[in-house]
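Trainee: Following the hints, complete the assembly by docking chains A, R, W, H and F onto the known chain D.
As a plain string of letters, each chain reads:
6 protein chains.
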Amino acid sequence: MTTISTSTLASAGKSGLVVSAHSADFVWRAGGAIAAHVERGFRMKVVCLSFGERGESAKLWRKGADMTVEKVKTARRDEAQRAADILGCEIEFFDLSDYPLRVSDEAMFRLVDVYRELQPAFVLSHSTKDPYNFDHPLAMHVAQEARIIAQAEGHKPGEKVVGAPAVLAFEPHQTEQCEWIPNTFLDITPVWERKLKAIECMAGQEHLWEYYTRVALQRGVQAKRNVGITSIRDIKYAEGFMRMTPTVCEELS
Amino acid sequence: MTTISTSTLASAGKSGLVVSAHSADFVWRAGGAIAAHVERGFRMKVVCLSFGERGESAKLWRKGADMTVEKVKTARRDEAQRAADILGCEIEFFDLSDYPLRVSDEAMFRLVDVYRELQPAFVLSHSTKDPYNFDHPLAMHVAQEARIIAQAEGHKPGEKVVGAPAVLAFEPHQTEQCEWIPNTFLDITPVWERKLKAIECMAGQEHLWEYYTRVALQRGVQAKRNVGITSIRDIKYAEGFMRMTPTVCEELS
Amino acid sequence: MTTISTSTLASAGKSGLVVSAHSADFVWRAGGAIAAHVERGFRMKVVCLSFGERGESAKLWRKGADMTVEKVKTARRDEAQRAADILGCEIEFFDLSDYPLRVSDEAMFRLVDVYRELQPAFVLSHSTKDPYNFDHPLAMHVAQEARIIAQAEGHKPGEKVVGAPAVLAFEPHQTEQCEWIPNTFLDITPVWERKLKAIECMAGQEHLWEYYTRVALQRGVQAKRNVGITSIRDIKYAEGFMRMTPTVCEELS
Amino acid sequence: MTTISTSTLASAGKSGLVVSAHSADFVWRAGGAIAAHVERGFRMKVVCLSFGERGESAKLWRKGADMTVEKVKTARRDEAQRAADILGCEIEFFDLSDYPLRVSDEAMFRLVDVYRELQPAFVLSHSTKDPYNFDHPLAMHVAQEARIIAQAEGHKPGEKVVGAPAVLAFEPHQTEQCEWIPNTFLDITPVWERKLKAIECMAGQEHLWEYYTRVALQRGVQAKRNVGITSIRDIKYAEGFMRMTPTVCEELS
Amino acid sequence: MTTISTSTLASAGKSGLVVSAHSADFVWRAGGAIAAHVERGFRMKVVCLSFGERGESAKLWRKGADMTVEKVKTARRDEAQRAADILGCEIEFFDLSDYPLRVSDEAMFRLVDVYRELQPAFVLSHSTKDPYNFDHPLAMHVAQEARIIAQAEGHKPGEKVVGAPAVLAFEPHQTEQCEWIPNTFLDITPVWERKLKAIECMAGQEHLWEYYTRVALQRGVQAKRNVGITSIRDIKYAEGFMRMTPTVCEELS
Amino acid sequence: MTTISTSTLASAGKSGLVVSAHSADFVWRAGGAIAAHVERGFRMKVVCLSFGERGESAKLWRKGADMTVEKVKTARRDEAQRAADILGCEIEFFDLSDYPLRVSDEAMFRLVDVYRELQPAFVLSHSTKDPYNFDHPLAMHVAQEARIIAQAEGHKPGEKVVGAPAVLAFEPHQTEQCEWIPNTFLDITPVWERKLKAIECMAGQEHLWEYYTRVALQRGVQAKRNVGITSIRDIKYAEGFMRMTPTVCEELS
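Chains as they are written, first to last, in UniProt numbering: chain D, 1 to 253; chain A, 1 to 253; chain R, 1 to 253; chain W, 1 to 253; chain H, 1 to 253; chain F, 1 to 253.
Bound conformation, chain D alone (with noise of 0.2 Å):
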């Protein structure tokens, strides 16, 4: 399919967007997309809405009693800025609490500003949807709401209004519970060496790194599946995506 781009810096560098509920969500979920766009000279920004120092840091937690909140924030972010570097793109940390997370007017108009900054040509988040875990859904609520208002004239008139940014959620832990579907693979085999890197840096939750190698290498035999077995191409890992935005196209196939 060759697509008509919805950036509107077409004649620059693209750049995406990518919004993490907790700190460590995009590298087990985006980190190939992540370094692939980032190896096709696109300009990658994460945004973390929280450390997941409350829920998705039990191991920290269970190092002992004199353990506290501002140490394990500490311990997310050089994890996740680790693994950032690694993946070789920018990352910024909002801070705003998880379990539960709340998000104010004023970091959601934070997040617009970055979208006006970084004009991004898509936007990566979490499932609508998620009864295992109610971040998860506001985080992907509040990187929809940011680029409606991101398009909008009338917000902070005279800045550069964003375009029509592809919005995909990228895959939750317990998909089919979430009714998170995927219609779109990407082949991260090239770069998987480098996203299971970026996996290793999350020293606290080590027992997820098989975890997601296997989700790489099924929707790896998925994707090879949809491009036919008569394809040359050879797909070995990949990351499943779902695309919320209808895609406008000058070829179907």
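If you are wondering where the hints come from, they were derived from the structure by calculation, not from laboratory data.
This structure is a prediction, so every number in the text was calculated from the model and none was measured.
Don't be surprised by glycine CBs; every beta carbon is placed ideally from N, CA and C.
Straight-line distance between alpha carbons at most 20 Å, and here's what the computed EDC-like set of lysine to aspartate or glutamate pairs gives:
{"hint": "1", "chain 1": "A", "residue 1": "K236", "chain 2": "W", "residue 2": "E210"}
{"hint": "2", "chain 1": "R", "residue 1": "K129", "chain 2": "R", "residue 2": "E179"}
{"hint": "3", "chain 1": "H", "residue 1": "K236", "chain 2": "R", "residue 2": "E206"}
These stretches of chain R come out as covered by chain H in the derived footprint (C-beta under 8 Å, 3 or more residues):
{"hint": "4", "segment": "178-190"}
{"hint": "5", "segment": "205-216"}
Mentor: Same frame as chain D, now just chains A, R, W, H and F:
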């Protein structure tokens, strides 16, 4: 989005298949897509399962008591052939009768042969639900089942199987009632005049000419909105499609 | 709501059609609607596709080893005829067998003839899904397909085609499992006694008499709630329907 | 269909309420319904939650650097007031800001007061989902929550509670993406000229005039199709609605 | 089905939690489940988020002009306490007001504390959708969010976290409109008399006594049908539930 | 959850039925369930509707030009029989052909006979939707229709009818596309080695061995998460199922 080709004929020319329940459906609903892909060098082929002689030829039947099924079929075939010539595609008539359309396994295997010979990169057919016209979802069902069988090595062993052609549903008449959601818009502005000429071959359904011109304009507005208002590209006419199969790609924007 | 009539016989009497998979379904599920419309001057006609002789006649089969299919069918026909007489409607038996119900094109065309002769303003049949009884959705499917063909000028050209009779699904047994959502409630309080008498004709299914009385009471409460508690009208018994076709009206209240 | 009135004011005049997120929405989407009901003697009232000053006033903002929010709001208020005058309805502005719209409990209770004073037979608002505009579903949510509270005897005890006004969603911009399915069509042919005049008050959105004329024509074709081609009534323009609440009626046709 | 216990207290007694938006909901909708589990040795606890003083106390408000919110709340508290005593469960009142119910983070954390202290094997609350009552889905939302936070090691580190208590939605008023599908039926025949006594504590809603008796009878018929007519067990009364969380088991029958 | 048995043979041994479209499906998708229930004393029986000779035997067909349908069927039968022996279940081959599978009423009645003879407590088959393989949903459809007929007293009167065996859909290949949502997880850790041996009988589909090992590991992680991390039970491998029929139980936890 740079999509990984699903065609098995990457080096040679690509092709596309349209499965039309009645002999005029392909014009109203996919005429722009056919013309646009012909311009891009695709070999495009339409299979008309019936002539729509009972259900979609009211004007012909009102011509008088001496009208017969054979006369209606002949008139419909001529119109469809002329439209196909204008669009630049091949056309094959299965003549299976309509209202109700019934498809034997023999007819379905004939469609499998078309798949094998054509090796299409994509196939277009009706929406999977249509409470106003049961011939339409049946056509899509057959298009999908024939595709599956065309992929099987055990069907006519030794023949070249097909890869994984993308399946897209073109626009039905009452979209919301048909649970048809357009996730793909094709810019048909450059070929609109040709589509309109093909539409005007349908002498028996003149009341639909303006109707489908308005459809193209409305989808054009929607396509433009999804590219972003800041885009320099000007889309006036578009066709909408519901892509049923996942896309495998190298870039998400 | 003041609805624009869909009947083609606006000046003459209106009529309604009920397509019942088994010979008792129309009584439990639409007996109130039949009686209420008869009172309003409608010509009401029921088509029973089968007698329900295998699947819904357990009590008769338990009467002893000398019971035969013919005896069961005769008993079921008698019950249904008596119920129809009480409700004031015509009834026609297609005798297609049940469990499983299978409908040939010939039988479907016979139903088309009924549509053409009756020219109904609305048609009632089963829900489109029923995981507990596949005969039911098939009856609705046939009711819809026959309606579509009855509208086609090319079917038996010269005959008077039908307009766009409203299609409504009456209440199935396990509503939520059948994805049946009642969007229309008919007040049957004035004809309840007649419906109850018709129900009591079903000697073979006595255990359902109280069951369907409770159904009518519960739907009555729900109808009343949707009219508003301040309404002066008193609804005690109601039937629920899922309207499948859009309404065209001159007033929205 | 002869519907049982849900109004508590059966003997006096009926009324209807429209809850509009931005100050132009009621014109594009429900202007025909407003004019048609005014002609039938209804008292019609529009509540505009915001002026759409940020998100739907692009043309005004492009007029120059000295444009201010207050100037935009004044211009929008004038346009809306003129449109309301043409349609013959009352209008009240809540001035809650848009992009994003936020509705405090205080504002919601103000809407409850409107319900109690107006005692509407039906209320029109936006679709419950709209991925392109989060202000829209919020407006419907508030319209529904205020309706529920207006029904409660414990809210401002002693005041006259409302009955069960029908709730309908008017047409959103990208209907299929919004999961909006029109189950009710209102013939607006007799009032089309008035709606068009109201539309032409929206000087800032001139590009939408032809767009919504085409919408009205397409819905007119669809309405006509659902009445039946043999109907003598001629429908040219229509508005579609998704009725959210069940109908209670005395006749099903 | 032999289910693997989700309780963390396998050797000690099990417990269950009911989160009720208003102070009578737990009686109508889960009174049988509460009584049945108490009989099986469970510790059962109800949390009433509000007294339903505004929205579900019409009869009390009609007693006269000197009725006050405080008087209504006291009456409702007494009724609920008596019902809880009859059912054999604990009850805690959060007194958050209703119509509309609003739940602060502080109140939500209080519910987290209840989870941590109770360590329930399952939690019952309202359906996730209810267009007639927005307090109900909010109660379920809070029940789910509090459960998620109670599972997080970073919330009040050092406290015992909860396991994965099953989440089930009890029966709403208009089930089909609420998209509530009962996939679990509990036989409450042995405790029916106790549930009825608890129901009769609700002096202010006497019109619902017979209504909910019929609900229990209808669900009893449905439960029996799903066990199979040849079963020797006799079920007369049942409650239906929609299980939201997956079951982990050792046997599928 | 302590479930009320749906079996009619409560005092004797229980049994379970698996309806497999092709001769290997039961191994990949339900091999663990079969082995686990055999260990618990169930009589387990598999019905293979076809050998999958055309659609799922690519490796065999690639062996050379002298391969025939009969040879493929023999090889597939041998593999399936060996796998059944390892799992400890009975197996019966209907040999109905695949790609496309077509099931005559005669074949369906043969399956009814199996139900009547086996009196299963539960039946496992494919998902009700599968856009990649139309044989699969047809197998489930037949499994459900045969179950319904086996319950009817009027089918072969005098025979023992079946009760209400639970219906569960085992895991399809692309779960999200098939709208398959696992609501039931079976711990197969104790029988994993046996399932793996059965898998290794499928010499023609060696590429799937690792694939399905990963499936079992991922479902194991998910099952463990739904039991709760504090559970002492260790689940490593699991199978997921979508239970289609309601459960009737005495306890909700």
